[in-house]
Amino acid sequence: MIYLDYSSTTPPRKEVLDSFVESSERFIGNANSLHKLGLDARKLMEKAEEQVASLFSVLPSEIIFTSSASEANNMALKGIAQFYQTRGKHIVTTKLEHSSILETCTFLESQGFIIDYVPVDSFGQVHLEELEKVLRKDTILVSIHQVNSEVGIIQDVSKIGSFLKKNYPKVFFHVDGTQSVGKMPVCLDNIDLFTCSAHKFYGLKGIACLIKKKNVNLVPLIHGGKSQTDFRSGTPAVSLMVSFAKALRLALEDFEEKYQDVKEKNLYLRKELEKIPEVVINSPRDALPHILNLSIPKIKSETMLHALEQEEIYISTKTACSRDSSLSLSLDAMGRAKEISSTSIRISLSYLTTKEELENFLKILKTKIKELNFQK
Amino acid sequence: MERVILIKYGELTTKKGNRKFFIQTLYQNIQKKLKNLDVHITKDISRMYVTFQEKDLEIILKKIQEVFGIHTFQVARKVPTDIKTIQEACLEVMKEEDFHTFKVETKRSDKSFPTPSLEFSRQIGGIILKNIENIQVDVHTPDVLLQIEILKGYTYIYTNKQYGLGGYPVGCQEKALLMLSGGIDSPVAGYLALKRGVPIDCVYFEAIPHTSLNAREKVISLTKKLAKYKDKINLHIISFTKIQEEIYKNCDSDYTITIMRRMMYRIMEKLSLKYKALAIVNGESIGQVASQTLHSMSVINQVTNMPVIRPVACLDKLEIIDLSKKIDTYDISILPYEDCCTVFVPKHPVIHPTLKKCLENEEKFDFSKLIDEAVETHQTIVVEEEMEDFSNDLF
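As given, the protein sequences belong to chains A and B, one line each in that order. Heads up, the first sequence is in the working numbering, so the first residue is 1 and it goes up one at a time. Heads up, the second sequence is in the working numbering, so the first residue is 1001 and it goes up one at a time.
Do not take every clue at face value.
[Said to hold, decoys possible] Among the chain A residues that face chain B by a calculated CB cut under 10 Å, a handful are: (1) LEU39; (2) LYS47; (3) ASP189; (4) VAL242.
Simulated from the structure, these hints should not be mistaken for lab results. Ideal Cβ positions, reconstructed from N, Cα and C, are used throughout, including at glycine.
Just chain B, with the same shape it has in the complex (with noise of 0.2 Å):
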C-alpha cells in the first residue's frame, strides 16, 4: 500500500493574495531541503503530498521538522476510493497502534461518495471494535483519532500528527543582516527571524590577533546550524581590529562599548545597502548588559534609520536559553573564546550614555575611513548544513 506525507501549511492560508507565492516558496524550500533523497513533492491550495522511498522516511522526517511554513505533517496511507479497499486499510492502519481508546473521523470532499462521513465513520469504528481485541470508542480523548479523507479518486488514511515549525517559509520575506557574536542570543534571534521567512545574511565581526580563529570556528558552527532552516547561509565576516584598537586607544574607557556597538551599527548599515538587506537583526535584551539598557539601545541606534529588530528584547534569558537548547547551539555558544563584544570590556560600561558624549568621542578618530575599509575588506563564506569538509575523505 503506498505511502505519502501529507504537509499541511501553518499561517500562510490565511494570507489571500499571496498565497502562491507563499506556496511556492515552501514548495521550492522543501525541494531543497530533500534534495538528495528519492522523493516526488506535488502541491495544491491546501497541502503538499511527498512519495518517498520506505527506508528514507525517517530522514525525510526529521528534515520536515526543520522546514518553516509547516503547521503539520503525516504520514498517510493512499489508497483508491473503493469502500472495501478503504476498510481494509483501515484496518491495517489500526492493527499497528497500539492503543485502548479510538476514534474515526472522516472528511469527506467527494461528495459523490455514497456514505456521508458522520455513517462512514461509524461504519469503520464497527469494523476496528470486531476485528482488534480489548478497544473502546471514545470521541473526546482518544489514544488514536483516526482520519480518513475521502477526495476524488483517492483516500487518505492515517492516525499520527506531527507539528511543524509553524512560522512562514524563508524567503517570503526580504532580507535582513544578523549580528551574529557567538553568544547564545545572537543564534536565537537569528532563528526567530528566519522563522518569520525572513532569509539572513550572518555578520560577525572579529578582531584578529584578539579574537581566535576558534572564535570564527565557533560562529562558522553556528551558522550551521542556522542553515538548517535556510539552505546556504552567507556569513560575511567584518575585520574590526583597528575600529577596535582606535576605540581604545582614543576613546573614554566606560564609552568603548558604546562606541564600538555604533560603529558595528554604521558598518551593518553598509553591508545592507550592498546586499540589499532591510533590516538588522541582532540578539539584544532590554538590560541584560550595560549596553542593552534602553539608555544605550537609542544612543547606539541613532547611527542608522534602519529597522533594527530585536527577536530577543523581551524574553527572559532562560527563556534564550531554553531556545538556543532547542535549536542546538547552546553547546556552541558557551564554549569559552573571546569575542569581539568580550576583550575590551571596561571596568565600568556606561549606562545611561548620552548622545553629546558619544559624539565627542567619535571626533577624536577618523572613524569613516576605517568604516569603508572594514566593510571593503570583508570576507564572505558560504555556509551550508553539511559543509564538504577537508577531511570527509578520511571517515
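Here chain A stands alone, though its shape is the one from the complex (with noise of 0.2 Å):
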C-alpha cells in the first residue's frame, strides 16, 4: 500500500492513541462531576489545555475543544454572526475554503447574512487591495484558511491580521488553520479565531479545537451548561483532549526537520513529474510541500482515482470532504480551464512518506496514464 493522502488524515501515533487508551481506563470520571473523580478528570483536562495553549502562545481559557474541523469553523462563523448581527451582517472569506467554511456560509446567506468572496489572483493568493475592496462598513468577520486543503496555497495570514487590526479593528478575522498546524510555522497575533484538527497532525479523528481570544464573544452552537468551557456543552472529551495535545507537542518536534525532509520529497516528485508530458502541476512553488495538486486534461479525476486505488495507491480528488461535484472549486477560483479544474488529483505527503514510495507511484502513474489517455 502507498499512502499519500495524508492531508485527508494521517495516522495516528502510538504514542498518542495509548495516551488516549490509557487516560481513557485511568480517568472514568465526568470532568463535570464535583466529586474526586470529577476533580481529577477535570485537572487532567486542564492539563490538555495548558499544553495546547502554551504550544500556541495563547490563554488556557482560549481554547475550546470540539470534535471536528468542521464544527470549530462553524461554531467561529456562526457564533459571530449569531452574536454580532446588531453591529453588521456582513460576512468576508474566500472560494478557496474548506467546504465547511463555504457551506456555513451558505447557509448564513439563508439567514439574511451577506457573504462576499475575496477573489484570489492565478496563484490562489489574497491580496489586501482585493481584500478591501470587499470590506464594508458593516463587516464583523473575515475567514481566511492559512493552507488549502486542496491545492497547498499559503496565505499570508500575519500580514492580512496586522492588515485588519491596523484599518478594521472591529472586524475579526478568523483562520481556517486545518492544514497549516504541525507542517508550518503558526503565529496567532492579530488572528481572533483559529481552527485546527488533532487527525491532521497525527492525532485521533474526534478531537479538534477552536482557539477563540479572551476579546472574542459568540453564541455556542451546543447549549446545555458546565463544560469544558461555556461556548460548548457536553460531556467533556477528556481523554480526547489529552490525545490532542500529546498529538500537538509531537508534530511540532523536530518542526524544522521534518518539514525539510517532506520539502525534499516534493521537490524530487515535481521534478519527476514536470517530465511526463500529460501533467499539469497545479500547486504553485511556493504551495505547502505536504500538497501537490497536478492535473492529467482528458482523465477524470475520480478515473484517476480509482485505477491508482486498484495498486493500492490511496490518493485524492479534491479534499475528502467537499460534495459530489465533478470541479474543483479551487482550481476554478484560481481561474483555471474546466479541463484542469476536473482532472485534478491532490497528492498529499508527509515525513513518513519514503522515496520508494514515490518511485513506485512514478511509475504506476505513468502506465496507467497510458491506460487511460484514451478518452478524447
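Relying on the hints, combine the two individually framed chains into one complex.
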C-alpha cells in the first residue's frame, strides 16, 4: 500500500493512541462531576488545555475543544454572526476555503447574512487591495484559511491579520489552520479565531479545537451548561483532549527537520512529474510542500483515483469533505480551465513517505496515464 | 563572544553587617531556581554572574524575574579588557539594536586602563556614529544606552537593563505562617510577605463535606503560584469541620464569624509554635468585610500575642486585584468554590463585636480540645511550582 493522502487524514502515532487508551482507563470520571473522580478528570482536562495553550502561546481559557475542524469552523462563523449581527451582517471569505466554511456561509446567506468572496489571483493569493475592496462598514468577520486543502496555497495570514487590526479593528479575523498546524509555523498574533484538528497532525479523529481570543464573544452551537468551556456543552472528551495535546506536542517536535524532509520529497516528485508531458502541476512552487495538486487533462479525477486504488495507491481528488461535484472549486477560483479543474488529483506527503513509495507511485502513474489516455 | 547575565542586588547592599548572609541566601535561591539548567553562577560583593547555554536564555531570564532580592539584571557581552576587542564588541552589540539615538557610558574600575572613562565613551560613540547610519547621540533620553564596565582582565558590555522584583531574598527573615483561604487577598498577602524575604508556610482551613475537594485543589493551585518565589512551600491543611459545626450549633448567629476567626488564630498560634514561625500573615484588609473592621480585628486578635502581619490591610480591593493579576492568582481565586469563610455566613454578622460577648459565646462549648485535635490531625503537602503529577506520562 502507498498512502499519499495525508492531508485527508494521518495515521495516529502510537504514543498518542497509548495516551488516549490509558487516560480513558485511568480517568473514568465525568469532568463535570463534583466528586473526586470528576475533579481528577477536570484536572487532567485542564492540563491538556494548558499544554495546547502554551504550544500556541495563548491562554488556556482561549481553547475550545470541538469534535472536528468542521464544527470549529461552524462555531466560529455562526457564533460570530449571531453574536454580532446587530453590528453588521456582512462576512468576507474566499472561494478557496474548505467546504465547512463555504457551506456554512451559504447557510448564513439563507439567514439574511451577506457573504463576499475575495477574488484570488492565478496563484491563489489573496491581495490586500482586493480584500479592502470587499470590506464594508458592516463587515463583522473575515475568514481566510492559512493553507488551502486542495492545492496547498499558503496565505500570509499574519499580514492580513495585522492589516485588519490596523485598519478595521472591529472586524474579527478567523483563520482555518487545519492544514497548517504541524506543517508550518503558526503565529496567532492578530488572529481572533483559529481552527485546527488533531487527525491532521497524527492525532485521533474526533477531536479538534477552536482557539477564541478572550476579547471575542460568540453564541454557542451546542447549549447545555457547564463543560470544558461556556461556549460548548457536552461531557468533556477528556481522553481525546489529552491525545490532542500530546499529538500537538509531538507534531511540533523536530518540526524543521520534518518540513525539510517533505520539501525534498516534494521537489523530487515535482521534478519527475514535470517530465511526464500529460501532467500539469497546479500547486504553485511556494505552496505547502505537503500538498501537490496536479491535473491530467482528459483523465477525470475520479477515474484516476480509482485506477490508482486498484494498485493500492491512495490519493484524493479534492478534499475528502467536498460534496460530489466534478469541479475543483479551488482551481476554478484560481481561474483554471474546466479541463484542468475537472481532472485534478491531490497527492499529499508526510515525513513518513519514502522515496521508494514515490518511485513506485510515479511508475504506476505513468502506466495508468498510458492506459487511460484514450478519451477525446 | 561569551555572554553572561549580570545580576545586581536590590536593597540588600544597604545592609552592612548582614550583606554576606543576604547575598549567600540570594545565591542559593537563584541556584535552586535554575537547578535544572546548565548554568554556572559566581558572586561577588556587588553582583552575580550567570554563564549559560544560549538556548536556555529565555527561560533563565523568565526565572530570574521570579526571584526576590534582585534589583536589575542584564545580558552582557564578556570580552577581555583590550581596546580593540572592546571597540569591536561595542559595534557588534549596537548593530543588533534598533534605535535612532544613543549614549555611551563607561565605568572603569580598572584604573590601569589607559583611557579615562569619559574619553573612552567618546571614542566608542565616534566609532558607532561612523559605522551605523541614521543615528545620533542623545545624552539625555537615548533610545539605547550602551554601558561598558571595564574591570581587571574582563570588560562587560550591555545595553538592555531589566528590573528584577526587588525585595529581599526569601529566607533572610524568619518563617511565618500564611492563612490561605482561596480568596483574592490572601495569596497577595503571601506574595508580599515573600517579597520581604519571609519564607512562608501556608495554612488552609477546610470543612469537608461543607467545602469540597475542588476548594482544596484551588488552594493547592494558589500555593503553586506562590512556590514560584520560594522553591517549595509546605501547605498545612486543617480539618475545621467539627469546630465550625460546634460554633454554628452553639453560638449566636451574628457572632459565628468572629468566633470562627478567633478559633483560627488560636490554631495558627499553636501551629506557629510547632513549626517555629514567628508571625501570622493573612489577607485581611481594613473594613472589607464584617470581620475586618477595626473592632473585629481587635477582638479577634486578642486570642494571640503573636504579630499578625496584614500586608494588604491598607490597600483598596482594586489594588489587591491588580497585584493578584500580576502574580497570576486572580483567575484561580475567582473560581466559585465554597470555602470555610463562606459556608456558614450569617445574615447579619456583627461589625462591632465585644470581647465580653465573644467569651460568653465561647463558654458554650469545649473548644480547646477541638483545637488541639485540629492541630494534631493536620496534613501537610509539599507544594512545588512544577509538581510531579500523576498524569505527566500521558502528555
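Going down the list of hints, with the structure as the test:
1. LEU39: Holds. Min distance 5 Å.
2. LYS47: For LYS47(A), the interface hint holds, since the closest Cβ of chain B sits about 6 Å away, which is under 10 Å.
3. ASP189: violated (17 Å)
4. VAL242: With a closest approach of 5 Å, the VAL242(A) hint holds.
The structure fails hint 3 only (numbered hints given earlier).
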